[in-house]
Amino acid sequence: MPCQDAMITDVITARPDQTVAEVLAIFYKNQIRAVPVVDEQNRVVGLFNFTHLMENILPVPPAGDDEKLGRMKNMEISLDYFSDTSPWVAKRLSHELPKKLADVMIKNIHMVHPETPLSEGIRLLVKYGSPLPVVKDDNKELSGLISSQTALAALYKISELLDKGEEVPE
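Using this note's numbering, the first residue of the sequence shown is number 288, and each one after it goes up by one.
Please keep in mind that the hints were generated in silico from the structure rather than gathered at the bench.
The structure displayed is predicted, hence computed values, not measured ones.
One or more hints might be untrue.
Here are the simulated lysine to any residue pairs, SDA-like style, with alpha carbons at most 20 Å apart [said to hold, decoys possible]:
{"id": "1", "residue 1": "Lys394", "residue 2": "Gln328"}
{"id": "2", "residue 1": "Lys394", "residue 2": "Asp424"}
{"id": "3", "residue 1": "Lys414", "residue 2": "His400"}
{"id": "4", "residue 1": "Lys444", "residue 2": "Pro404"}
{"id": "5", "residue 1": "Lys423", "residue 2": "Asp297"}
{"id": "6", "residue 1": "Lys386", "residue 2": "Arg302"}
{"id": "7", "residue 1": "Lys423", "residue 2": "Ser434"}
{"id": "8", "residue 1": "Lys386", "residue 2": "Asp297"}
Cβ-Cβ distance ranges computed for the label pairs, FRET-style [what the hints assert, rightly or not]:
{"id": "9", "residue 1": "Ser446", "residue 2": "Lys394", "range": "19 to 29 Å"}
{"id": "10", "residue 1": "Ile299", "residue 2": "Asn426", "range": "52 to 62 Å"}
{"id": "11", "residue 1": "Gly452", "residue 2": "Glu309", "range": "43 to 53 Å"}
{"id": "12", "residue 1": "Asn395", "residue 2": "Asp424", "range": "12 to 22 Å"}
{"id": "13", "residue 1": "Pro401", "residue 2": "Gln436", "range": "10 to 20 Å"}
{"id": "14", "residue 1": "Glu402", "residue 2": "Lys378", "range": "43 to 53 Å"}
{"id": "15", "residue 1": "Ile319", "residue 2": "Ala389", "range": "13 to 23 Å"}
A virtual CB, placed ideally from N, CA and C, is assigned to each residue, including glycine.
Based on the sequences and whatever the hints tell you, model everything.
Shown next, in the form of structure tokens:
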């Protein structure tokens with residue numbers, strides 16, 4: 288089964304010149320956590336997501352990210368560490384809000400093509416996180432998006448076909 292069978296095509300996107308505040312409003316309105324960032328030709332130039340934003344404003348990187356823990360490597364971080372830090376984190380967030388996505392987005396992202404096998408798309412989702420832009424060709428024009436939810440739905444569909452003894456499309 289190719290990635291195109293697991294992708295959504297009605298993708299909410301953002302532009303590099305939009306601010307973090309504008310995109311957070313889009314997140315809230317649409318109940319999403321990530322958007323591909325596209326240029327005027329609908330080419331993917333980056334990704335902006337909640338996790339990346341939080342990594343940049345929290346007092347320490349999220350637990351389990353050993354590469355980013357630096358001097359705190361192997362230290363377990365409890366929620367107690369974050370007590371009474373909400374005003375400080377909110378202040379840091381307020382400094383991020385006027386920034387343009389071009390300055391804060393993830394630029395080196397992984398993408399797949401519509402014909403990429405879903406198994407490879409899932410491997411990349413597990414390794415690099417969700418969502419994963421699906422691009423038409425090497426010019427990186429956005430075709431759709433696969434996420435952990437859409438990949439799981441495709442796998443469920445495959446399992447139903449197998450349970451019925453039907454052939455699974457390649």
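Evaluated hints:
1. Lys394 / Gln328: Satisfied, since the Cα-Cα distance of roughly 17 Å is no more than 20 Å.
2. Lys394 / Asp424: Cα-Cα ~18 Å, so holds.
3. Lys414 / His400: Roughly 17 Å separates the two Cα atoms, so the pair holds.
4. Lys444 / Pro404: OK: Lys444 and Pro404 at ~15 Å, within 20 Å.
5. Lys423 / Asp297: holds, 15 Å
6. Lys386 / Arg302: holds, 13 Å
7. Lys423 / Ser434: It holds: about 17 Å lies between the C-alpha atoms, which stays within 20 Å.
8. Lys386 / Asp297: Status violated; Cα separation ~26 Å.
9. Ser446 / Lys394: 19 to 29 Å: Because 36 Å falls outside the window, the suggested range is violated.
10. Ile299 / Asn426: 52 to 62 Å: Violated - the Cβ-Cβ distance for Ile299 and Asn426, about 21 Å, lies outside 52 to 62 Å.
11. Gly452 / Glu309: 43 to 53 Å: Hint holds: Cβ distance 50 Å, inside 43 to 53 Å.
12. Asn395 / Asp424: 12 to 22 Å: holds, 19 Å
13. Pro401 / Gln436: 10 to 20 Å: Holds: the Cβ-Cβ distance is about 18 Å, inside 10 to 20 Å.
14. Glu402 / Lys378: 43 to 53 Å: holds, 47 Å
15. Ile319 / Ala389: 13 to 23 Å: holds, 20 Å
Against the hints set out earlier in the document, violations occur for numbers 8, 9 and 10.
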